Amino acid sequence: MSYSIRKRLIGYLLVPLTALLAFSIVTDYREGLHVANKAYDHALFGTVLAIAAQLDPDENGLDLDLQEQAEQVLRTDMADEVFYAVIDRHGRLIAGDPLLQSKLIPPHGDNPVYRFDHIGNQEVRLVTYHYRPTANAHEGVFILVAETTKKRQRDASRIMVTTLWTDLLLILTSLAVVFFGVRYAVAPLERMSQRIDRREPDDLRPLDEAQAPKEIRPFVRAINRLIANLREAASAQQAFLSNAAHQLRTPLAALQTQLELVAETLQGEPRERLRRAQESLVRLSHLTRQMLALARAAHQANTEADFSPVSLEDLVEAAASDFLDTAIARDLHLEFEPSPAVVAGQAWTLRELLANLLDNALRYTPAGGRVTVRCGVAASGIPFLEVEDDGPGIPPHERDKVFERFVRLESDSAGSGLGLAIVKEVADLHRAHITLTEGSNGKGLRVRVEFPPLQAALSRQENDS
Amino acid sequence: MRVLLVEDDAALAAGIVEGLERAGMSVDHLDAAEPAESALALTAYDLAIVDLGLPGMDGLELIRRVRRRKLPIPILILTARDGLDDRVKGLDIGADDYLVKPFLLPELQARARALIRRGGAATSSTLTIGPLTLDLGLRTASLDGTELELTGREWDVLQHLMLAAPKVLSKKKLMESLGSWDSEISPNAIEIYVSRLRAKLADSGVTIRTVRGIGYRLESAE
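Line by line, the protein sequences are chains A and B.
Using the numbering used here, the first residue of the first sequence is number 29, and each one after it goes up by one.
Using the numbering used here, the first residue of the second sequence is number 301, and each one after it goes up by one.
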């Protein structure tokens, strides 16, 4: 099952954050309501005190001497209806609204006492105050004041809206911070994976641990261990190839030598048969050599190649000695146009490259044809190696295919299909570029290998290591 | 011409021995490096052919020891490994040439002959290819025993061609070897010497092939 670290992080952060914010909306609202209620309660108690101030002691206790005008003031409120009542300790109404008479609950402890109640179907806030004007007065009176809760409700909804807005804003800000924060935090991970993505498939150098964030270093280390294992496997394969080369080549050499000796003593039909066997053997030897060279060259790509300056001119000169007899035997004109050119490379793989290009050219060009080997430095400063023949050539649509292993074109009957794969492998190792075109007179094939300029190649190698 | 072959594969060794004997050489065969070391010290061989992958002491070590004793014998390496590192190692410690297995018998014969020729030049101061012999001390040349009239430059060119054969000798190298501080040799001059040599060697079985763009190769019908 796949999951995204980013989604997980965002999820894990957002769920508790949202819950916390929801809780904070509720508490903010309740706290706001509490503060507002307290303020209004204080104002309500003011009314109680105003009534108390108007109470006159008489023979029966206390009496309210409230002018109609004063009562008007008491009862006036911007939004709410106000009720009051003064009740003596026997429950008799001294003054005010009889509606409140039944609401008296004498306070114990706290004085005054506030509570919500109903008058009719209207919700009211009710304050009950036990008023004792003098120490020796008979127990005093109860003053009840009630007001409807319109302005409290109005404030409640205002508080609700305000807390909702601010908390929503907080939620949105947190969301944004979490989202971009997580993105920023996982960016090094993404850069790391891009670096791995961009690698050549056969690049087995370890990842740079120093570039990785601390948290993913164990992961990078694990990858590096895996890479090291792969490299070891490649070395083991290399050792195997080296051994296999020896084990294969010696018996092949023995077989070839013995067959040649027998051939000299035979005549007629048996000699002809032996000649065919020898041809197969030469092909087998050639194929063995090519497969081993390909495997070794491919392995080289996995290791830091030890490049040194190689003279293409010397390489071409050596090839002249190696291939002249083949060219003579096939009645081909083998010509050279060498100019001084030096590349950073590995002499033996470059020799394989040229050998395979020449082998192909000599193999596919019909008798009487011409094969030309060139090397030099182009006007642009690029060293090149070129083999041109005037044979059948390769149709443009098939030119990409020829670099694959064991691909043989329809017209091809003699080759193993490995030669150009080796050329490609060696060129890749040297970061060289191969182009296939027609020969200079429009027929045949010209294979041109262009190398990075020597200085650039050597400084790149230093940077790599 | 006496050749010592050091090769541990019996079938290959038998083939090489027979092949070289048919080419007129007498061949002793050993299958390990240790006895080869003393054989080379005791007998004046004209050529040693050494396989690198020997049991016990390997071919490279044998060559190192032979060279430490300052034995002047030419050495041809046989190797199953094609990495240049092996080749360079071999040539650096004093081998003269190498052949990668598998090889064709005529190739081995030609290389062996060339090495023996060069070795002979060092010890007996004569060079021979087919009917052509050069006396390095007297600076004379003969074809089938008949003296060949050569100028000094012609003789020099012929000597370098014979030393290089069967490899191609580049015109560049030839110019470097023949030129000196006070007298540079032009490519045209080389071409003139070669065409005169061709005229003098006509119908002798020894020919000089032009390899266009590189140089020349001396070939013999031997």
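FYI, nobody ran anything at the bench for these hints, they're computed from the structure.
No experiment lies behind these values; they were computed from the predicted model shown.
Take the hints with a grain of salt, since some may be wrong.
To be verified - In silico EDC-like pairs for lysine to aspartate or glutamate, Cα to Cα no more than 16 Å straight-line:
id, chain 1, residue 1, chain 2, residue 2
1, B, K471, A, E341
2, B, K467, A, D350
3, A, K242, A, E260
4, B, K467, A, D353
5, B, K473, A, D342
6, B, K473, B, D456
7, B, K472, A, E341
Stated by the list, open to error - Just the calculated beta-carbon pair ranges, DEER-fashion:
id, chain 1, residue 1, chain 2, residue 2, range
8, A, R304, B, D331, 30 to 38 Å
9, A, R227, B, S338, 49 to 57 Å
10, B, R509, A, E307, 53 to 61 Å
11, B, A311, A, G409, 46 to 54 Å
Where is the CB? At the ideal position from N, CA and C, for every residue including glycine.
Legend entry - CB-CB spacing for G409 of chain A and A311 of chain B relative to the 46 to 54 Å hint: 53 Å, holds
Item checked: 16 Å Cα cutoff - pair K467 of chain B, D353 of chain A -> 10 Å, holds
- Message: Would the hint linking K472 of chain B and E341 of chain A be met if the CA-CA limit is 16 Å?
- Response: Given pair K472 of chain B, E341 of chain A holds - Cα atoms ~11 Å apart, limit 16 Å.
| task | Decide if the proposed pair is consistent with the structure: K471 of chain B and E341 of chain A, CA atoms, cutoff 16 Å inclusive. | result | Since the Cα atoms of K471 of chain B and E341 of chain A sit roughly 13 Å apart, the hinted pair holds (cutoff 16 Å).
| Is the straight-line distance between the alpha-carbon of K473 of chain B and that of D456 of chain B 16 Å or less? | The given pair, whose Cα atoms are some 13 Å apart, holds under the 16 Å limit.
K242 of chain A and E260 of chain A were given as a pair; does the straight-line alpha-carbon distance stay at or below 16 Å?
27 Å, violated
Pair hint K467 of chain B and D350 of chain A, alpha-carbon separation not exceeding 16 Å
This hinted pair holds, its Cα atoms lying about 8 Å apart.
(message) Please verify whether K473 of chain B and D342 of chain A have alpha carbons no more than 16 Å apart.
(response) 11 Å, holds
Report task. Indicate whether the distance between the beta carbons of R509 of chain B and E307 of chain A respects the range 53 to 61 Å. Result -> 26 Å, violated
task = Using the Cβ atoms, figure out if R304 of chain A sits within 30 to 38 Å of D331 of chain B.
result = 33 Å, holds
Exercise for the section: Return holds or violated for the Cβ distance of R227 of chain A and S338 of chain B against the range 49 to 57 Å. Expected result: Roughly 55 Å apart at Cβ, these two residues keep to the hinted range, so it holds.
The structure fails hints 3 and 10 (numbered hints given earlier, in ascending order).
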